[in-house]
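Novice: As a plain string of letters, each chain reads:
Protein chains: 2
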Amino acid sequence: MSKLPDIKTNFPEWYQEIVYKAGLADQAPVRGSIVILPYGNTIWEKIKSYLDSRIKATGHQNAIFPLFIPESFLKKEAEHVEGFAPELAVVTHAGGKQLEEPLVVRPTSETMIHFMFAKWIKSYRDLPLKINQWANVVRWEKRPRAFLRTTEFFWQEGHTAHATKQEALEETLQMLQEYITLAQDYLAIPVIKGRKSKSEQFAGAEATYTFEAFLMDGKALQMGTSHLLSQSFAKSFDMKYQDQKGVMQYPYLTSWGVTTRLVGALIGSHGDEHGLILPPRIAPIQIVIIPILRKDSKEKVIAHVKDLQQKLQSVGLLVHIDVDEHQSPGAKFYEWELKGVPIRIEVGPRDMEQGVVVAVSRINRDKQVVNVDELAKKLPVMLETIQSQLFERAQKRYQQMWHKVEKLANFANTLEKENGIYQTGWCESVACETKLKKHSATIRCVLDSKEFKQCFACDQSSAFDVIIGKSY
Amino acid sequence: MSKLPDIKTNFPEWYQEIVYKAGLADQAPVRGSIVILPYGNTIWEKIKSYLDSRIKATGHQNAIFPLFIPESFLKKEAEHVEGFAPELAVVTHAGGKQLEEPLVVRPTSETMIHFMFAKWIKSYRDLPLKINQWANVVRWEKRPRAFLRTTEFFWQEGHTAHATKQEALEETLQMLQEYITLAQDYLAIPVIKGRKSKSEQFAGAEATYTFEAFLMDGKALQMGTSHLLSQSFAKSFDMKYQDQKGVMQYPYLTSWGVTTRLVGALIGSHGDEHGLILPPRIAPIQIVIIPILRKDSKEKVIAHVKDLQQKLQSVGLLVHIDVDEHQSPGAKFYEWELKGVPIRIEVGPRDMEQGVVVAVSRINRDKQVVNVDELAKKLPVMLETIQSQLFERAQKRYQQMWHKVEKLANFANTLEKENGIYQTGWCESVACETKLKKHSATIRCVLDSKEFKQCFACDQSSAFDVIIGKSY
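Just so you know, the sequences run in chain order A and B. Quick note: the first sequence uses our numbering, first residue 1, plus one each step. Quick note: the second sequence uses our numbering, first residue 1, plus one each step.
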């Protein structure tokens with residue numbers, strides 16, 4: 001039970017220890033890779049299950065495309081290969097022989113999927129085509145960090161084709177909105193949405209939309225992106241269809257994805273000096289029951305809590321009983337707090353006789369004595385309260401770190417010393433954007449709003465407000 | 001609407017055309033790979049969903065292990081590397097550099113998972129450890145065939161560790177039985193279960209249990225396997241724990257898996273000259289409604305069938321309406337029969353007025369006029385009937401191709417000419433087993449039973465009955 005690193009002064013260490021100590025992941029014997037343990041994987045499975053249902057409800061179908069992509073495919077879209085080349089893992093030998101053409105382990109599947117789209121899209125009646133894939137992808141990362149940046153990661157990648165640019169744009173924004181609902185309503189993470197600047201957008205896209213979170217240390221995390229690819233990939237892959245008038249046209253494409261990084265965002269958004277705090281809607285275990293076991297009443301208390309568990313499971317709650325006799329109740333409290341279970345229930349022999357339990361909220365450690373008969377009604381309410389409290393707590397954190405600033409000359413010092421959300425105006429020139437580099441910051445996203453009149457770095461007027469921050 | 005190849009005389013061609021024409025998969029531009037299309041993927045998702053719930057209900061937890069395995073790991077178990085070496089795909093370059101140690105794309109994960117198990121299993125209290133992974137794996141196949149044998153395929157691999165050999169054996173057989181329930185009760189495929197002969201078992205296992213199907217052409221297909229690995233891998237990976245007496249012990253291991261090959265088994269088990277026939281419990285679409293659209297009543301009929309669809313969906317049925325106005329009803333009948341949808345419902349304007357529909361069974365094309373009010377009651381019964389009929393039809397096929405034979409000298413001729421199930425006795429010697437090679441046959445499995453007294457190839461007495469067949 002060694003102490004956790006201090007969350008305020010040493011967040012990166014705190015993050016890493018939580019990942020391993022809470023049993024979310026373990027280090028793997030391959031550079032930049034992790035083993036996602038059952039506790040962490042259940043969170044990912046819950047994210048997948050919710051998002052998959054939304055992807056299907058919005059008219060997309062799942063398919064599976066190959067892991068390996070011929071090297072020549074990536075070279076078809078010039079910007080695309082330039083963007084991904086440094087991160088590729090390449091299979092050169094297979095079946096005991098050197099391959100004639102090396103195969104790239106997919107870093108993303110645009111090229112493979114667009115090759116297939118070109119085969120499938122022949123007529124306006126084949127549009128829109130709305131496909132999604134759940135898959136593993138590989139990008140050789142220089143600075144890996146569990147969940148946030150791993151060599152192999154897991155994601156869904158949506159790929160769609162449309163007859164008009166307007167429809168493609170609507171698709172791009174619709175899926176961005178689905179992601180934001182997932183982040184805010186399920187992961188309890190407030191996000192800032194916007195466009196990426198040209199220099200930060202996806203290799204080959206016309207526009208990249210993003211939603212950004214700011215973790216507990218004030219650093220920004222790109223949680224997911226949705227790209228309006230327009231026609232560049234369609235042209236590279238000779239993807240043409242006959243429109244209603246018989247004229248050959250290129251379709252407008254989109255792609256969008258979120259990854260296991262969302263689990264990292266969750267860890268980095270909700271926690272305290274005692275460990276992780278999981279939002280109830282995404283927690284693998286919502287309620288842990290810790291029976292206080294004494295020699296003379298042990299069996300009765302265990303039977304009693306098993307009965308409680310069944311009743312609570314029957315109303316849809318995820319309940320675990322910790323019956324380990326080798327651990328003291330105190331050690332169990334410590335462990336389940338570390339793992340972030342939203343509610344802990346303590347039941348001793350006297351509680352049992354009195355027909356009550358003690359319910360403890362993970363977020364503020366409030367204790368409540370609850371009548372056993374009322375548990376099935378009260379616990380769902382408590383869980384929803386914790387869900388809201390977590391979101392509000394994070395919102396408050398954003399407010400505290402949100403700086404509205406005008407001129408870089410004046411805020412450069414603060415920006416360097418203090419991580420946070422810096423909102424200002426921008427003229428949209430790369431020259432001004434580049435000036436942020438020496439302060440280790442970037443434009444995280446371009447907002448729709450226009451609160452500031454001037455660019456943060458030059459005398460030009462501002463085109464749009466931007467959010468500046470240091471990033472993962 | 002070109003004709004399908006003859007299922008009786010040209011089954012391999014029939015199989016391949018069904019895969020592509022029914023929209024289950026498409027050829028991919030990478031050797032031995034396919035794109036699994038939404039219709040085929042939905043079947044796989046249904047298999048996964050059912051099996052995942054059973055894997056969890058039997059006390060296993062899902063985790064995710066890396067795709068890449070250091071080459072040296074595979075070499076730790078001598079038999080294992082020998083078995084897999086010819087099939088490996090190897091990453092030699094990544095991040096723009098040659099790797100110090102090549103990484104193998106996993107052909108199976110024993111070595112990676114056992115490396116982690118060795119880290120996790122320290123005490124008898126860490127046992128049993130029961131882990132499952134859903135993943136893609138790569139084996140460089142010489143003769144690829146859609147679903148049945150592809151370079152990249154999808155599977156679950158269960159890996160468990162136990163304190164005793166008896167417990168490991170029970171786990172091995174329990175999961176085999178779960179697979180058989182899936183095959184028989186959901187996929188409607190009768191299977192023959194048994195042990196693999198030593199020469200056919202998994203590289204590194206003590207015993208491999210298998211369940212085999214015989215497809216419509218009389219060829220055997222290994223549908224899945226469950227391995228009692230015992231202690232060989234534990235020793236190779238120095239996986240040791242302290243038992244209750246404080247003595248260091250090696251645990252007993254198991255592993256078991258089924259793959260996307262199950263979709264291939266489904267295609268090859270149920271079909272006829274009109275196309276695929278899908279068992280209702282696994283069909284992506286159980287009922288297709290084809291409205292007969294005439295100019296004057298089109299809108300009314302469409303509104304009517306949408307109403308029907310809603311009513312049927314509300315009782316849990318998977319219903320699709322084909323409203324495509326560019327296709328004639330006849331063309332639609334052809335297409336949905338090809339795709340194997342268990343029940344077709346035809347509704348014309350007159351049917352609508354009379355409050356009836358025509359329901360057609362895919363298996364025998366029986367037509368029934370059903371009152372609209374009775375549909376929600378009658379269709380589930382019809383579907384269950386089709387489910388049983390498919391299983392019985394396959395069982396009958398097995399009976400017809402099941403030959404009980406004594407001496408190879410006498411049945412060698414038939415074996416070469418006629419695919420089928422050949423049951424006989426075997427002395428368990430490799431010498432006798434090898435004699436099957438020149439007849440392109442193998443021992444598919446060793447049965448528990450002992451109906452035959454002598455070995456099929458020598459004068460020794462038989463140890464067990466075996467099933468001999470030609471295989472995919």
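Hints in this document: simulated from the structure, not taken from any laboratory. All C-beta atoms, glycine included, are put in the ideal place defined by N, C-alpha and C. A hint or two may mislead.
Claimed, not checked - So, partial list: chain B residues that the calculated Cβ filter (under 8 Å) puts toward chain A:
no., residue
1, Ala28
2, Ala89
3, Leu173
Novice: Hint by hint, say whether it matches the structure.
Specialist: Hint-by-hint comparison with the structure:
The beta carbon of alanine 28/B is positioned within 8 Å of a beta carbon in chain A (closest approach about 5 Å), and the interface hint is therefore held. Because the closest C-beta pair between alanine 89/B and chain A is about 4 Å apart, less than 8 Å, the hint holds. The restraint placing leucine 173/B at the interface with chain A is violated, with a minimum CB-CB distance near 24 Å, outside the 8 Å limit.
Hint violations for this structure: number 3 only, all remaining hints satisfied.
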